[in-house]
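Line by line, the protein sequences are chains A and B.
The working numbering puts the first sequence at residues 1 to 489.
The working numbering puts the second sequence at residues 1 to 172.
Because the hints were derived from the structure by calculation, they are not lab data.
Predicted model, so just to flag it, every value in this text is computed and none were measured.
Treat the hints with caution; some may be incorrect.
Simulated coverage check for chain B against chain A, where a stretch passes if three residues somewhere in it have a Cβ under 8 angstroms from a Cβ of chain A [as the list claims (entries may be wrong)]:
| no. | segment |
| --- | --- |
| 1 | 38-51 |
| 2 | 75-82 |
| 3 | 93-99 |
| 4 | 139-149 |
Ideal placement from N, C-alpha and C gives every residue a C-beta, glycine not left out.
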Amino acid sequence: MVEEKRILYEHLDVPEIHTFDVFRQHDGYACFEKAVADYQPDDIAKMVMDSGLKGRGGAGFSTGLKWSFVPKDIKPCYLCCNADESEPGTFSNRYVLEKNPHLLIEGILICCYAMGIETTYVYIRGEFTLGKKRLDAAIKAAYANGYLGKNIRGTGLNVDIYTHPGAGAYICGEETGLIESLEGKRGQPRNKPPFPAVEGVFRKPTVVQNVETLCNLPFIVGNGVEWYTKMGPTYGDARFDPPKPDPNTGTKLYCISGDVNKPGVYELELGLTCAELIEVAGGLRGEQVKAVIPGGSSAPILTHYELDTRLDFTSLTLAKSMLGSGGIIVMNETRNIVDCLLNIMKFYAHESCGQCTPCRWGTPWVRDIVQRIADGNGRKSTITRPKFGIAENGRWGDTGETEDIYEDLDLLESVANNIANVDTMTWNTICVFGIAVSWPAVSYMRKFRPEFEATIREGKLTTLSVEEATVPPEENYAYQQRIVPRELE
Amino acid sequence: MSEELIQIQNTFRFTEENQREFDALIGHYPVKEAAMLPTLHLAQKQAGYVSPAVMTYVAALLEVPLMKVKDVVTFYPMFFEEPVGEYVIRVCHTLPCALRDCKGVLAHLKAKLGTDVASETDLGKGTTPDGKFTLMKVECLASCDVAPVIMVNDDLYKNLTPEKVDEILDNL
Ligand SMILES: Cc1cc2nc3c(=O)[nH]c(=O)nc-3n(C[C@H](O)[C@H](O)[C@H](O)COP(=O)(O)O)c2cc1C
Ligand code: SF4
Ligand code: FES
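Turn these sequences into a full structure, and let the hints steer you where they fit.
Next comes the structure, spelled out in structure tokens:
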């Protein structure tokens with residue numbers, strides 16, 4: 001079985017680690033001190049680039065690369081720490097905030113030193129009352145001990161950290177929504193470009209980084225790039241010759257919930273398979289895996305045929321899904337996929353910020369279609385149509401058979417794809433919330449089509465066995481197009 | 001400012017302690033408007049909900065038009081425009097909690113409190129007649145490993161069953 005590899009979470013369960021003294025006793029702030037003593041800011045930025053660290057908040061964008069976009073000559077520059085954690089199925093940041101807030105402060109200090117930043121805002125979810133209390137107390141203690149404020153520990157460095165509470169809107173996790181919200185407005189995402197790195201909060205260059213991403217920094221600096229890159233696979237991007245290194249380095253705080261025996265956060269090296277993770281989490285609660293959501297509710301679903309997919313950024317992207325926030329939700333054989341999709345679509349219909357018509361109208365529309373199907377009123381045509389496929393002569397064409405027309409399933413796909421097209425990966429919206437809606441809608445429907453059809457035919461929620469409910473690999477669009485990346489030698 | 005507005009403003013004012021907190025807050029940002037969310041949280045904590053008087057007061061403090069405050073208050077689900085119960089009970093109903101029977105918890109709460117679930121436009125619907133509780137559904141509270149969960153005011157309760165719910169309510 002794959003072993004847990006606790007790095008960010010190493011001291012998480014040490015009693016009172018949220019206090020300054022106990023954190024110091026466990027080598028707290030030593031990595032920051034090392035950074036300032038041994039390296040120039042540019043060295044740190046280079047180390048982060050070389051470490052291959054990818055953002056843990058959802059997009060998986062290279063942190064070093066993001067930092068390189070920040071113009072050096074425009075000041076002030078801000079750091080916004082994204083602690084809005086609202087993606088369903090994700091709960092790793094919460095534990096950092098509640099149990100080890102000084103680690104986040106240390107990460108922030110290193111980022112500020114590398115980027116010449118003096119002001120950081122931690123945008124923290126409104127519901128995280130304990131987390132905010134602990135972080136506020138930690139910030140206060142850090143000020144009292146000279147690790148924040150003016151001329152930190154005699155280094156000439158000035159850093160202030162302020163916490164900023166959200167107020168229950170999911171969309172404020174999107175980086176430009178977060179920035180708008182921080183400015184005291186509705187949290188509606190901005191058009192990009194300009195990207196926040198160039199023009200962010202208060203129209204100044206802004207680095208937006210997830211809590212977990214920042215918590216990786218002390219360990220990269222403390223233990224070195226070589227140590228860090230040994231963890232997790234580095235693939236070769238085959239579109240280049242010779243294959244370009246594509247790092248998926250480090251550990252990930254995998255959050256696993258749903259039908260497993262021991263749900264929780266498990267820190268593991270990136271790149272284990274979905275089946276292995278379920279094993280680590282105490283195994284399945286139930287008889288058989290029906291489906292797994294690999295990266296928060298926005299991610300396309302995986303069927304039981306796809307459990308060998310490795311849970312890292314590259315592998316999941318090439319399997320037409322995503323690692324996203326690392327929130328893995330497992331569903332067993334008793335679950336109805338139509339019902340699960342309905343739950344998720346209610347979430348998105350509630351959380352659309354309402355700026356773009358495709359999203360504002362399309363998302364509730366998708367929800368209503370799924371609701372109708374789940375209620376047993378899904379629409380199926382009384383006529384049939386010719387079935388296209390591989391014909392007798394071996395060519396694509398009319399098979400001579402007919403098929404039923406499930407109007408609501410066609411409509412569902414059409415509406416979803418008009419918000420954001422999952423095949424071409426183009427979206428008609430301002431932010432990628434649009435994709436987060438159509439990805440689950442289309443993938444659940446295409447991969448578990450028999451269950452949707454049965455529910456419409458029977459006129460009531462109908463749960464099929466895992467085999468019956470799942471489209472076989474030969475007909476699964478994602479499985480057919482999936483590429484399994486190869487590790488570099 | 002019209003007589004009427006001054007009147008409204010006189011009905012809400014930060015306590016001295018909150019005023020101090022606000023003074024500290026405002027120093028965190030290069031523009032006053034940015035203190036909107038923390039200021040509204042502070043005001044709501046004091047007043048119980050964001051009444052028109054509160055909005056007017058906050059608008060004056062932050063030197064923005066009243067409409068901008070209203071705009072923000074209506075956007076964010078955590079701000080209440082109507083009075084709510086002494087205890088606000090938030091029941092998470094997103095997928096991971098749904099997989100662990102949050103429906104049972106919600107049904108139990110509804111029966112026990114004898115109230116419906118509040119909607120964003122009608123909080124009164126979820127408030128008990130004695131004004132003690134307001135029951136509402138919320139989206140994922142980032143605690144799916146201990147699902148199903150509820151929040152009662154600022155406190156999170158985990159791994160709930162109907163029995164545990166009874167215990168929590170009895171101890172309030
Ligand atoms: C709809 C939506 C919601 C998001 N929610 C979060 C969130 O709750 N927390 C988070 O860290 N990132 C979230 N993101 C990703 C952020 O936009 C951004 O990519 C991230 O904070 C960047 O930090 P990173 O590079 O360290 O991951 C969300 C993105 C979208 C489109
Ligand atoms: S896609 Fe949806 S959430 Fe994103 S900006 Fe448009 S309306 Fe808002
Ligand atoms: S779904 Fe309830 S806490 Fe995440």
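For each hint, the structure was consulted:
{"no.": "1", "hint": "38-51", "result": "holds (count 3)"}
{"no.": "2", "hint": "75-82", "result": "holds (count 5)"}
{"no.": "3", "hint": "93-99", "result": "holds (count 6)"}
{"no.": "4", "hint": "139-149", "result": "holds (count 9)"}
Of the numbered hints listed earlier, not one is contradicted by the structure.
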